[in-house]
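Since chain A is already given, all that's left is putting chain B on it; use the hints.
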Amino acid sequence: EAGVAQSPRYKIIEKRQSVAFWCNPISGHATLYWYQQILGQGPKLLIQFQNNGVVDDSQLPKDRFSAERLKGVDSTLKIQPAKLEDSAVYLCASSLVRGGGYTFGSGTRLTVV
Amino acid sequence: GQNIDQPTEMTATEGAIVQINCTYQTSGFNGLFWYQQHAGEAPTFLSYNVLDGLEEKGRFSSFLSRSKGYSYLLLKELQMKDSASYLCAVNYGGATNKLIFGTGTLLAVQP
Chain A
1 EAGVAQSPRY KIIEKRQSVA FWCNPISGHA TLYWYQQILG QGPKLLIQFQ NNGVVDDSQL
61 PKDRFSAERL KGVDSTLKIQ PAKLEDSAVY LCASSLVRGG GYTFGSGTRL TVV
Chain B
1 GQNIDQPTEM TATEGAIVQI NCTYQTSGFN GLFWYQQHAG EAPTFLSYNV LDGLEEKGRF
61 SSFLSRSKGY SYLLLKELQM KDSASYLCAV NYGGATNKLI FGTGTLLAVQ P
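Protein chains in written order, with this note's numbering: chain A, 1 to 113; chain B, 1 to 111.
It cannot be assumed that every hint is accurate.
[Said to hold, decoys possible] 30 Å max Cα-Cα, derived DSS-like pairs, lysine-lysine:
(1) B/81 <-> A/11
(2) A/11 <-> A/62
(3) B/68 <-> A/44
(4) A/44 <-> B/57
(5) A/15 <-> A/44
(6) B/81 <-> A/44
[Unchecked claim] Taking beta-carbon pairs under 8 Å as the criterion, some of the chain A residues facing chain B (in silico):
(7) 2
(8) 31
(9) 33
(10) 55
(11) 87
(12) 91
(13) 101
(14) 102
(15) 104
(16) 107
[Stated by the list, open to error] Here are the in silico distance ranges between beta carbons for each label pair:
(17) A/61 <-> B/40: 23 to 29 Å
(18) B/65 <-> A/71: 38 to 44 Å
(19) A/51 <-> B/111: 48 to 54 Å
(20) A/85 <-> B/74: 33 to 39 Å
(21) A/63 <-> B/70: 35 to 41 Å
(22) B/58 <-> A/61: 37 to 43 Å
(23) B/39 <-> A/5: 18 to 24 Å
(24) B/108 <-> A/71: 41 to 47 Å
(25) A/15 <-> B/44: 31 to 37 Å
(26) B/27 <-> A/51: 20 to 26 Å
(27) A/22 <-> B/70: 34 to 40 Å
(28) A/16 <-> B/58: 48 to 54 Å
(29) B/28 <-> A/68: 25 to 31 Å
(30) A/71 <-> B/16: 47 to 53 Å
FYI, nobody ran anything at the bench for these hints, they're computed from the structure. All figures in this text were calculated on a predicted structure; none of them were measured in a lab. All residues carry an ideal CB built from backbone N, CA and C; glycine is no exception.
Isolated chain B (complex conformation):
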């Protein structure tokens, strides 16, 4: 079956850097997404990795290693508004375009 693992909760301090890890096992791989979800809201897109390496977008960066089935999301210069759940999701299944989510990592940013 398909499986995605990520930590349940993390805590970090405002202004610091935090890394949220994600490991996956899926039948086929098209790409990996990171979404941010604030309480009571729909997930919003953060990043998409298809090839190995680091993708940087402002304060957020995402890394992918396909051989290791591993990704991480790096958040720099943390702000209070970054307190949210961060969802790792894998697009797999070739042309069927399936998308499976991890359980999410609830990040609490403290002053």
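Isolated chain A (complex conformation):
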């Protein structure tokens, strides 16, 4: 079974630029999550999708962050414009059913300079 695919692996951008991350979950996994993990902290949920609908985006900074999951499969997370404090690892995870295993992608390490 292929894992959760994420790209790019690393990204360096200047503040006020825009950036997009891509995630392809495990085939058949209905739930997809985007987490932000700042160095030394635990992952913080940004947005959760169930199929192509949003379940929770309460912690997503909607003035600069956006995410979509077209056709209920892969997803993109965008930041526009980026700020220095957005420097973090962005993790994508997916799960099949409630309480089932969560599988994480390798993450995208974003550095904003």
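This is chain B only, laid out in the frame that chain A set:
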């Protein structure tokens, strides 16, 4: 709001036993996960507790008390490679399948 607490850092000696505690307050509870995360890598699954009691898996064991909102991860026969961050995470929210993480406990295993 939802809250998970765990110690920030711990230090232990190779070959010893260490217990990492986690307390939580969430609206609803489906289960509790422990993940291991090495620096620069994604979290990897260690254990999942739904019911009260101890789950043993090799050198790692995890305990859950739902009435106390408490869990611990027990690592035996510590090895240098066990140096990592250990994340406590709670699945809550019923059918919405939400997953919230603690800040992680950075474990340093010393020779």
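Hint check:
no. : hint                       : verdict
1   : B/81 <-> A/11              : 28 Å, holds
2   : A/11 <-> A/62              : 21 Å, holds
3   : B/68 <-> A/44              : 24 Å, holds
4   : A/44 <-> B/57              : 28 Å, holds
5   : A/15 <-> A/44              : 22 Å, holds
6   : B/81 <-> A/44              : 26 Å, holds
7   : 2                          : 15 Å, violated
8   : 31                         : 5 Å, holds
9   : 33                         : 7 Å, holds
10  : 55                         : 5 Å, holds
11  : 87                         : 14 Å, violated
12  : 91                         : 6 Å, holds
13  : 101                        : 6 Å, holds
14  : 102                        : 6 Å, holds
15  : 104                        : 4 Å, holds
16  : 107                        : 5 Å, holds
17  : A/61 <-> B/40: 23 to 29 Å  : 25 Å, holds
18  : B/65 <-> A/71: 38 to 44 Å  : 42 Å, holds
19  : A/51 <-> B/111: 48 to 54 Å : 50 Å, holds
20  : A/85 <-> B/74: 33 to 39 Å  : 36 Å, holds
21  : A/63 <-> B/70: 35 to 41 Å  : 38 Å, holds
22  : B/58 <-> A/61: 37 to 43 Å  : 41 Å, holds
23  : B/39 <-> A/5: 18 to 24 Å   : 22 Å, holds
24  : B/108 <-> A/71: 41 to 47 Å : 45 Å, holds
25  : A/15 <-> B/44: 31 to 37 Å  : 33 Å, holds
26  : B/27 <-> A/51: 20 to 26 Å  : 23 Å, holds
27  : A/22 <-> B/70: 34 to 40 Å  : 39 Å, holds
28  : A/16 <-> B/58: 48 to 54 Å  : 49 Å, holds
29  : B/28 <-> A/68: 25 to 31 Å  : 27 Å, holds
30  : A/71 <-> B/16: 47 to 53 Å  : 51 Å, holds
Violation of the numbered hints given earlier is confined to hints 7, 11; the remaining hints are satisfied by the structure.
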